[in-house]
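Asker: As a plain string of letters, each chain reads:
There are 2 protein chains.
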Amino acid sequence: MRYIYSVDVINSGCLSVLPSFGFLFDIDGVLVRGKTPIPAARTAFQKLVDSQGQFLVPVVFVTNAGNCLRQKKADQLSHLLGVPISQDQVMMSHSPLRMFKHYHEKCVLVSGQGPLLDIAQDLGFCQPITIDTLREKRPLLDAVDHDRRPNVLSPSAVELPKIEAVVLFGEPVRWETSLQLIIDVLLTSGYPGNPYEQESYPHIPVLACNMDLMWVAEAQSPRFGHGTFMVCLENIYKKITGKELKYEALMGKPSRLTYQYAEHLIRAQALQRSWEQPIQTLYAVGDNVMTDVYGANLYDRYLRASCGAGCVPRRRPPGCRCRSVLVCTGVYSPRAQPAPGPRGRPAFHGHRDFGFDPALVEPDHIVPDVDAAVDLVFRLENFAPH
Amino acid sequence: MRYIYSVDVINSGCLSVLPSFGFLFDIDGVLVRGKTPIPAARTAFQKLVDSQGQFLVPVVFVTNAGNCLRQKKADQLSHLLGVPISQDQVMMSHSPLRMFKHYHEKCVLVSGQGPLLDIAQDLGFCQPITIDTLREKRPLLDAVDHDRRPNVLSPSAVELPKIEAVVLFGEPVRWETSLQLIIDVLLTSGYPGNPYEQESYPHIPVLACNMDLMWVAEAQSPRFGHGTFMVCLENIYKKITGKELKYEALMGKPSRLTYQYAEHLIRAQALQRSWEQPIQTLYAVGDNVMTDVYGANLYDRYLRASCGAGCVPRRRPPGCRCRSVLVCTGVYSPRAQPAPGPRGRPAFHGHRDFGFDPALVEPDHIVPDVDAAVDLVFRLENFAPH
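Residue numbers (the numbering used here), protein chains in the order written: chain A, 25 to 410; chain B, 25 to 410.
The hints are simulated quantities; they were obtained by calculation from the structure and are not laboratory data. Check before you lean on any hint, since a few could be wrong.
Identical copies look the same in the list; a pair holds intra-copy or inter-copy alike.
Unchecked claim - When the alpha-carbon atoms are kept at most 30 angstroms apart in a straight line, the in silico DSBU-like pairs for lysine-lysine are as follows:
id: 1; residue 1: K59; residue 2: K96
id: 2; residue 1: K161; residue 2: K267
id: 3; residue 1: K59; residue 2: K161
id: 4; residue 1: K59; residue 2: K270
id: 5; residue 1: K186; residue 2: K59
id: 6; residue 1: K59; residue 2: K125
id: 7; residue 1: K262; residue 2: K71
In isolation and in its complexed conformation, chain A is listed as follows (with noise of 0.2 angstroms):
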C-alpha cells in the first residue's frame, strides 16, 4: 500500500516516503576541506538517516582519493557525520581496477601513497612492486637527490621479472623518483636498469586512477593532486621521446566506468533495502567542475542515449537520468573563477585525453553547500520520509 500511495503521490506533486532517486556524494571540498569537516556534511547527514541511523535513501561516496582501504574510508566517513557508513557505500577511484584481471597474474609497478600493496593486492594483483622496492633494487637510478645517491657504485645484480605494466594510483612523495623510475620502465620495455630502447614505443601500458588536476585542503587556493603529477609524466615522456604518452585506462570521476559502478552500488542498496519503487534520477553532489559535474553530465548524456539504443541493463528503468549539483565549498568558488586562458575562456583544468566539452561543465544545480543540495533534492523529488 505504501508504495502505491508514494507513486501516486509524486504523480499528483504531493510528498513521496520512498526514494526513486540516490545520492552521490564526492567527499573532499563537500564533506571535508583537507582533514577539517565541512560543518554543514553532519547536518545534512542527519536528514538522510532515520532514528536508528538507517539510510532513508541509497547513498554511495564516490571519491577519486585512491590511497587507502574502502573499510578505512568509510571508517573515516562514519567518524566524521556521524552515522554509520559501510563499505559497500564507499567507491574509490581504483575500484574499477578488479575487472582488468587480464593484469592481476601480471608484474605491475605501483605508484602513490598509503598501503599500496595492501589496495593492489585486495584488487586483485598478484605480483605488485613499489616504487621504493624498485628503487632499492636498482639503486643507480635515483639520482636527484644528492644525499641519497647509492655510496656503492656498482651494486650487484638483483634479479627482477619483467615489468608488464604501470598503475599510477594517485600521486607519490618525492615525484622526483617515480617520475624517473617510472619513465626508466616505460623506456626500457619493463626491465629499468637497461640502457633506454628505440623500440620501447608503444610503451607497456599505464593504467591510471583520479586525474584530478587540483583538490581542496585548507589552504586558501586548491592543491595539487594526481593529475598535476601525470601532467609532469606526460610532458616528460613527451620531451625525451617527441611521443604522446598512451593510458590503456583512465580511472576515477569524469570517467563513465566510475558512474556505471556507481549507479551499481545504488540499486544494490535499493535492492538490499527491499524499496520497490525504481531508482529514477543519480543526483551526484560534488565541488569540481571537471570531475564532479563534468562526469555527471557525461554520464547524464550516456544514460539518455543506451536507453533510446536498447541496451538498458536489467535493473535500470526507462528515462533514467544523471543531475550535477555543485557545491561551493571547495575547488568551485562563485567569486574566485579561474583566469581566463588565452581565448578567453577559463583553462582547461581536465584531462588531457577528456575532449573539452562546453555543454558538459554546466551544472544543473549551483547550492552553497552540500545540506543546501540535500533540501533542494528532497524538494525536486517531493521527498518527506518522516
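Since the structure of chain A is already known, use the hints to place chain B on it.
Answerer: Using the frame of chain A, we list chain B on its own:
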C-alpha cells in the same frame, strides 16, 4: 725570441710552444660520471700541466651544475684530476647572476639543493628565502605528502615580505613541494598563502640556471637534470593558467652569457701568465649535443657575427673561433641515438626557449674521450709544449 720563434713555427706548420687557444671543459660526462672519475681525465690533465703542475694552456671548467660554491668545485676537481685547480678556473651555471644587481636587494625565493643561502649570498642576494623556509612559514601550502601535512589546522599568520622574484638554481628534492610553492608564489604575485589572483600575469620574474634536461651518472641511461624539473614547472603553470611561463633570464650552457664569461676567464689566465700570443680559438669539450655542442656553435656564430660588426671586445683579436668537441663518455653515444621523433628527427632535448637550429647540433669533432680531445687539439694547433 721564443715567442717569435713559435709564431714562425705555426706559420710554417711546425710546432708551437705557446698556446693560441684555450679549453672549456664540461665536467659531468667528460671528467666524471656521477661520482666515478672517467680514467681518460687524469691522463689528459697530465698533458695539460708542466712538472710543477702549472697549466700550459688556459683552461676553464664550465659546468651547468649549481649546487655548490665554486671553491668547493675547484677542490673536487683538484682531487679528481691530480693537478691544482683554482676557483678562478671554475664557472658554475649561476655565475652570471652576479650581474643581475637590481634583484640583489629584493626578497627572492631560491630553489635547488646544497648550500643555497651561501651561494645566493655569495652572488650578492641580500634577502634569499628557501623553499624549506617558505614551507615552514606557510605550512598549509604543501599538502601532497600525507605524512608531512601539518597538525595545526589554522597556523598563525607569519609576516613575510613580498617575494619579488624566483631563482631556480638547480633541481630540488621533493619536486612536489617546490613545484607547488613556486606556482603559489607566481599565482599570488609574491604573497603565497593568499588566494590565487586573476591579475597575476605577467607573473613575477623567474630566473633559471642550468637547463640540462638530463645528465649522465653511473646508470646506463641519462638521469633527470634541472631541465626536467623546468619541464614540469612550465607545463603545470600552463595547465593551470592556460598561459606560458616566462623566464626573465636563462643561464648556463647553451646560453651566450655563459660563453662570454668563460672567454673572459680564459683571456684573464693568458694575461696573468704573460702569454703574449693572442688566444684565437676556444675548444669547448663536452658530452651533450644540446648544451655543449649547441652552445659552442651558437657562440661561434656570435663570434663571427660580432667580428664583422665592429663590436669586438678590447682583448679579443679578430678571427676568433669557438670549436665544439664532442666526447662519447657521457650523454652522447654513437651507438644509442635518441629515438626519432614524430617526423623522424630525434626529439629536441634543448630548452623550450632555445629554438632548434639543426646547423648548431653538429660538432666540429667527435672523439672517444677527453684524452683524445686534448691529443686532437694539440695536433690541430701544432702544440708541443714540452
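Asker: If the cut is 30 angstroms between Cα atoms, do K161 and K267 qualify within a copy, between copies, both or neither?
Answerer: within (28 angstroms within a copy, 40 angstroms between copies)
Asker: Pop the pair K59 and K161 into one bin, within, between, both or neither, using alpha-carbon distances up to 30 angstroms.
Answerer: between (35 angstroms within a copy, 20 angstroms between copies)
Asker: Please sort K186 with K59 into within, between, both or neither, judging by C-alpha distance up to 30 angstroms.
Answerer: between (39 angstroms within a copy, 29 angstroms between copies)
Asker: Measure nothing new, just compare the shortest in-copy and cross-copy C-alpha distances for K59 and K270 to 30 angstroms and report within, between, both or neither.
Answerer: neither (34 angstroms within a copy, 35 angstroms between copies)
Asker: Please work out whether the CA atoms of K262 and K71 approach to 30 angstroms or closer within one copy, between two copies, in both situations, or in neither?
Answerer: Neither: 50 angstroms inside a chain and 43 angstroms across chains, both beyond 30 angstroms.
Asker: How would you label the pair K59, K96 (within, between, both, or neither) given a Cα cut-off of 30 angstroms?
Answerer: Answer is within: at 15 angstroms inside a copy they meet the 30 angstroms cutoff, but 45 angstroms across does not.
Asker: For K59 and K125, with the copy left unspecified, which applies at a CA distance of at most 30 angstroms: within, between, both, or neither?
Answerer: Neither, since 35 angstroms and 44 angstroms both go past 30 angstroms.
Checked against the numbered hints above, the structure violates hints 4, 6 and 7; every other hint is satisfied.
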